[in-house]
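Visitor: Please build the complete structure, drawing on both the sequences and the hints.
Protein sequences, first through last, are from chains L and X.
For the first sequence, position 372 matches number 372 in the UniProt record's numbering, and the numbering has no gaps at all.
For the second sequence, position 22 matches number 22 in the UniProt record's numbering, and the numbering has no gaps at all.
A portion of the hints provided could be inaccurate.
Now the stretches of chain X that chain L is said to cover, found in silico as 3 or more residues with beta-carbon under 8 angstroms [said to hold, decoys possible]:
#	stretch
1	208–217
2	269–275
3	419–427
If you're looking for bench data, these hints aren't it; they were derived computationally from the structure.
Backbone N, C-alpha and C fix where the C-beta goes; we use that ideal spot for every residue, glycine too.
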Amino acid sequence: MAFEIKKEAYTGGIKTISIGKGDSAVTVGGETCYPFYTFEGDMPNKPLIAMEIWDMEPTDWAEAALVPFKDVVADPAAWAKKCVDEYGAEAIVLQLKSIDPNDRDASPQSAAETVKKVLDAVSVPVIVWGCAAPTKDEEVMKVVAEVCQNKNLLLGPVEEKNYKGIAAAAMGYGHSLIASSPIDVNLAKQINILLENFGMPMDRVVVDPTTGGLGYGMEYSYSVMERLSMAAMSQGDDKLQYPMINNLGNEVWKCKEAKESAEDAPLLGDPEKRAILMEAVGAVAYLLCGSNILIMRHPEAIRLAKEYIKAMIAGGSVAEVAPIEKRLASVAVDFAALAPPLDLTIEEEKKAAAPPKKEAPAKKETPDKPAAPAAPAKQAAAPAAKQEEVAAKPAVAEKDATATAEAAAKEKAEAEIKAKADAEAKAKADAEAKVKAEEEAKAKAEAEAKAKAEAEKQAAADARAAREAEEKELRAKRARERAELAAKRTDEPTVQGTMTPAAIQKTEQQKILEMLDRFHKRV
Amino acid sequence: MALTGMQIFKLLPKTNCKECGVPTCLAFAMNLASGKAELDSCPYVSDEARAQLEEAAAPPIRQVALGKGVRAAKTGGETVLYRHEKTFYNPTLIAGLITADTAADDVAKTLTDWHALQYERVGLNLRPELVAVKDVSGDAAAFAAVAKQVAETSEFNIILMSEDAAVMEAAVAACGFKRPLLYAATAANVEAIGKLALDNNLPLAVKADSIDGLVELTTTLTGMGLKDLVLDPGSREVKQGIEDMIALRRAALKDGNRALGFPTIAFPCEMAGNTDMEALVAGMYISKYGGIVVLSNLTTEALFPLLLERLNIYTDPQRPMTVTEGIYEIGTPDENSPVLVTTNFALTYFIVSGEIEASKVSSWLLIKDSEGLSVLTAWAAGKFSGDDVGLFVKKSGIADKVKHTELIIPGYAASIVADVEEELPGWTITVGPREAAHLPGFLKAR
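Guide: This is the structure:
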């Protein structure tokens, strides 16, 4: 029978949303399968890669990220134009870094002017990303929405704390929103519901699940996005069926490894290539967990990611994709000088489980061990020595069986030491005897073997009896312990009752929940 | 399929010897059934029972051990489709390719360079595991010589790539002691290569041009007695590649298809034209179900991002990543630098340390053990209380490193100020911002 792929039964899909106006509008979303699982559903709109620009000249960008835009970073409109004309940007994200109250604290009016200029300079959709200070974002977005009426900008991030103001402005002036939540499925759903109840047309909302940088918490975003996709499509949760956006470039390029020079971190090699590939590899991971709009920074990382998307949608090879075009001088690193010492040791393999088992009878001599009588039978090589051990064991076992529960442990330990010594002595003696025996006649050996077999049988029976006795004892002990524990448990509540003077005694969990409720002012 | 706890219990010695660490054999059986214990913990289980249990407990995707020495690794053994369902266990192994026609000097240089590619991160050493030695001309002696050189002069373990059983045999003789993976058995050579792998007890990769072809080959090979197989469905384009990976993982986990219950191998080196694009293709296989990826070259610029992605994707989501409690220097702090305290949740640490770094204000960052909880959760759960934080700061020895007595606590833990002050008489407790993103502004404004 030919192999058939097991298909997922989907019960929902992602909504589509359009950003931008007129000819330049772009549609994202609309999938009826997990990201790129096109063998079992449709992905009508390919993921969009939006290029990020800043509304102020960046001061802490890595050289590699700056160099493609060096001539335009002081002018957001020219910067945006360059992205579109030269680097083929399909959308522009204007990061309003200047409005950060902890930094320049630029006015809403000046931010809105910048947005307007950028909007006029390009013919692709524009996304406006705030500074993530909720109050300031609210002030600014209201003005931006008004100044750029009916341009269908994508505004965000919108949080629980500022959704009313921004959503009202978006509804009034014809824009779309980015509903943001901190890496949590339930919080993502909550902000969507808040927006819906507020009256926001939900075909104008995308979700920002919060983006972790590569090596800096990407796994959290990755899994939350997979869970969001699963909730939306496999469980058909219509409160989560929105396209997702990830502010990736900003996260990747701000981490230490993306900025370090070759002198600071020689092991990480060429700073330009390294950071570009960090962004591109991060992009692949985010595309595979369901990103619909990916915000990226470096033109080369974007080119590679776009080629990847193209091949994933349409099929075909990526063998012809050109390597990264470097803009900075290459860096040569002498890796040999950085290599740590070699460790060529190969640990001798332990023969799985065999040694511990063989050791066990000699070392432990525990009477409550049925495997032991069987072991000597198998170990035909040293029958005499083993047999002595077996003989020693039932003796210990019987002793144990008659002992009281309290003294049992102590006695057992003593008996074990004694038995061990005995066994060792006897084993030695027997080994000598064995050498002698070998010299003796065959008939005698046969007789011995017969006796041995009988002794073994006897020993096995004894051991069984001993074990039963032991188990019975253990059962009695457990019953006693259970009774004690039960008694103790019934005592406990009264003890606990006096711990605090509160009228209602709460569990640890209730206390945590209350603390959190109080903190979030939910009560 | 998997046995229940009671079925396992019947096979155990039932002695309640407690040596496995739990009080009864029944409890141990339950732990085995739920994957919380290893059968090796029981010293007395019989060989028959062991065989039976291992057979029954065999994971739907076999775990295959590759290599020997410090870079020995396992692949496969996965039990879920999505990491949040449980976790992914065995990180995608990364290999670099050396062809058999490479001169010995060049091989030596490559191996030394590749050996340098090890990155320390949150107490882990991130590094590639494998070198793939590829036969290009059918020259058995040259192939064996390179394989021998890699095996004997590097820590790397080996994938031997040749479809000619005679050529392969020579290399197995040269580097068999390192438990190389043989690549590959195909419809044309399955008998001969299969026998070679079986005789030398080595793992074997299987290559076909479709999943149907794989089923046929693995059935033949398991019939011969081979157990450690690795699958290559032959796809060399990304669209088909990811479909095959998903198909294989689903077949093994959802359909219990034993013929496909093996780890996979993928070849970005044969799919892209340069190491840059290879990195993206390899990145895809790290996300989606690649057991081993083979790159044409190991370049630090591509390898480092891939190892970061691998670290992220294969982190166990059931356990929060933590950093060790203690004093961390951000930048080059001196006796006048600010002192901040936060929790030991790795994400908290990364974000806070990153923001402090971004502020360019050298600082002392104190990390207090909060059992991997973030600030707000730790505070709510009483793991970041005023007394604890105060006591920790006292014991940390930070007082010997700075002249001032000011401590900055996270904004989310503002309510512990009084308690910390009580515990640290003479100190000024300053409440920092709630969000790490506001730290640079906060530190610069001081």
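Visitor: Next, verify each hint and record whether it holds.
Guide: Here is how each hint holds up against the structure:
1. 208–217: holds (count 4)
2. 269–275: Coverage by chain L holds here, the residue count being 5 at a Cβ distance below 8 angstroms.
3. 419–427: Check failed, 0 qualifying residues.
Hint 3 from the list above is the single one not met by this structure.
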